[in-house]
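S.K.: Let's have the full structure, built from the sequences with the hints guiding it.
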Amino acid sequence: MPAAFVGDEAAEPVTKTPPSTRKRKLVDSITTSATSQPPATIELPKRKASKTTTASVHDANADAEQAALPATPQTLSSDKPMDSDDDLNSVASSGMLGEAMDDSSVDFDAADSDDDGLEDFQDDESAFESQPKDLRPAKKAFEVDFNVYSPGDIQHQQDRQVEEVATLLEQPAEQTAILLRFMSWNKERLIEQYMDNQEEVLDKAGLGANMSSNPPRLEAIDGFTCDICCEDEPGLQSFAMNCGHRFCVDCYRQYLGQKIREEGEAARIKCPGDGCNKVMDAKSLDLLVTSDLTDRYHELLMRTYVDDKENLKWCPAPNCVYAVECGVKRRDLTRTVPTVNCDCKHAFCFGCTLADHQPCPCALVRKWLKKCEDDSETANWISANTKECPKCGSTIEKNGGCNHMTCRKCRHEFCWMCMGLWSEHGTSWYNCNRFEEKSGTDARDAQASSRKSLERYLHYYNRYANHEQSAKLDKDIFHKTEKKMQLLQSSSGMSWIEVQFLEAASQALQQCRQTLKWTYAFAYYLARNNQTEIFEDNQKDLEMAVENLSEMFEKNTDQLAGLKVDMMDKTSYCMRRRVILLDDTAQRLKEEGWTFNVDLK
Amino acid sequence: MAGMSSKRLQKELVKIQGTLPPGISLVSADNLREWLMDLSIPDNPIYPPTDTYRLRFLFSQSYPIEAPEVTFLPLQSPERKIPLHPHIYTNGIICLDLLDAQGWSPVHNVESICISIQSMLAGNTKAERPPGDAEFVRSNRSRPRDINFLYHDPSV
Ligand SMILES: [Zn+2]
Ligand SMILES: [Zn+2]
Ligand SMILES: [Zn+2]
Ligand SMILES: [Zn+2]
Ligand SMILES: [Zn+2]
Ligand SMILES: [Zn+2]
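Chain order of the listed sequences is A and B. Note that our numbering numbers the first sequence so that position 217 is 217, with each residue one more than the last. Note that our numbering numbers the second sequence so that position 52 is 52, with each residue one more than the last.
Just so you know, the hints here were simulated from the structure itself, not pulled from any lab data. The reader is advised that the hints may include incorrect statements.
Stated by the list, open to error - Straight-line C-alpha distance at most 20 Å; calculated EDC-like pairs for lysine to aspartate or glutamate: (1) B:15 / A:231; (2) B:11 / A:250; (3) B:7 / A:356; (4) A:270 / B:66.
Just so you know, these numbers come straight off a predicted model, no measurement behind them.
M.R.: Dropping the structure here:
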């Protein structure tokens, strides 16, 4: 597959670009590609024009591919000059070779970009009809726009804002930074209040006129007793802000140590005095913060910038230093599930910062997790890893992610989830993903109904937990497969690139099971109506696709090479089913078309 | 710094052993880690004047920079009950903003905490437990300082 090879190589310089803002300017790309050049923009004569267009073509593609790789280097969207036309071409072409396997090590939605009828354009659909499919910016209903920022980017953003406001207020940058932090980076409010009453704002932030004539300093005051340590020896160094609450230097430093080191506060540390709301100003902090705390202090100051902004969040992955920007507001969370992809590859929900839980809205996730926790004792037996063969009764341990079980002893084939015959699953898979509401004759009996509601819950929980468990097992199998891949390379003469299909398949499984898992929590809260069936059909289709792919991992290494094409097909089919499910669910959520049996707020 | 908490507690102890406001008394302060105080509430029919309530103070090395852990302690003999109050759970945990990191000021001390809790009880008009008391008491494993209480009703 030479195309894949070229694509991968071409993508190289892009991946090596230092982590920078990955722009996903969908709107820009739509307008540019719709109004201006046809796709063959790579050789446009005018340098400037070709730059912009290439960037947008690439962005469009990145959107089509959902994950943010290959990265859009800063150079494409800023006005720094391109290094050479070669770079330009390679970036563009890597984006254009949108075949599944090119970028699939990270990026599965590429698989659907060449599919038909799946794209769902919200407007201007006709504008794209003459465009080659690969260039279509396909923003799905379940995708949101976001940017990923490195600590450097964040610092840069802060600096830029400070600069901008400093010019307006005619204050030095250092003071402006203090003012902005004091106002929680709400620059409109700062400017407004500053214009209104300059002295008061400066005073409150600790920058008032008497501050410059009378800078914060340590003093020894006769007859002073520190109310914190009760120390009263003569010559005791003490400090007070203009609220007058005076404490000894040691106590002040201990207090700041507690706030900065233990409580993670920096920008809004209050006076230690009882009930005093005076926020410690930067000058006083500079005077009192000891050198062992300054690094932490400045780190925290930078963090408050992200914490203060509603459209910024830190990536919750352990040790990840990136922040993500997204415009989705709290109030939007009943109508959208904003999954964002950090550059560290962690996909998380911008709304609640839990790991990606599409298609299930945050409120339902919260309720579901709470419920699982509360009911964990009753539900414990479900996660048990062994069951008995329905035919011969011998104990069977589930050791792979697949639900298709074959009893080692009697060769009986059955489904792990429902224990039904596997042969019947081809046509009646329904039994496995849908909870059949049994006729309500015994519903009058309160006991029966509580048992029934537990049964209903267990039905969904069982499937939810199964996918969680299977994802882990799939991963274990993949790690074994990784070793197989090395064998495969030497025995079949396939290159490293060519055996990547295994990794692609494994990642597709992980992602799809993650989605499936949450479809069961979603379904649990879904009120039954004719909409539900479409959802269950989509769920069933994805589930079947996933089981088919998962099953292939249990094959022997010597068979794998021969299964490559089949596996790639199944991988891209899985990803396609996932997109269909997510897109349809998100679209309806947006239109408030789902009816839930609980309140989403 | 171990010196800080012990120095301050020693000074507090000297003062407490001298005088204390009515209804507040020192039970024991044998070490600089745990003190016991007794409390009675005047003029509130919810709390009969014959009833006495026991408070346990636990101090960390960073006291008074860090708030002490203060809870009511139930006892058979002498009988010490957990006072009925919408901010006091049956396991003795008190939901009081003064006692968490945000509301604490190192200027507070054992005496001022006792006074605050005493007046919180004296002014109480609701003879009830916090909402979700049973559930909280059953499931809570955290130390009081690690619980995020919602101070939805500071007037109580
Ligand atoms: Zn002091
Ligand atoms: Zn003060
Ligand atoms: Zn991350
Ligand atoms: Zn969420
Ligand atoms: Zn069997
Ligand atoms: Zn089944």
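S.K.: Taking the hints in turn, state whether each one holds.
M.R.: Against the structure, the hints come out as follows:
1. B:15 / A:231: 14 Å, holds
2. B:11 / A:250: It holds: about 17 Å lies between the C-alpha atoms, which stays within 20 Å.
3. B:7 / A:356: 52 Å, violated
4. A:270 / B:66: 14 Å, holds
Comparing the model with each numbered hint stated earlier shows that hint 3 is the single one that does not hold.
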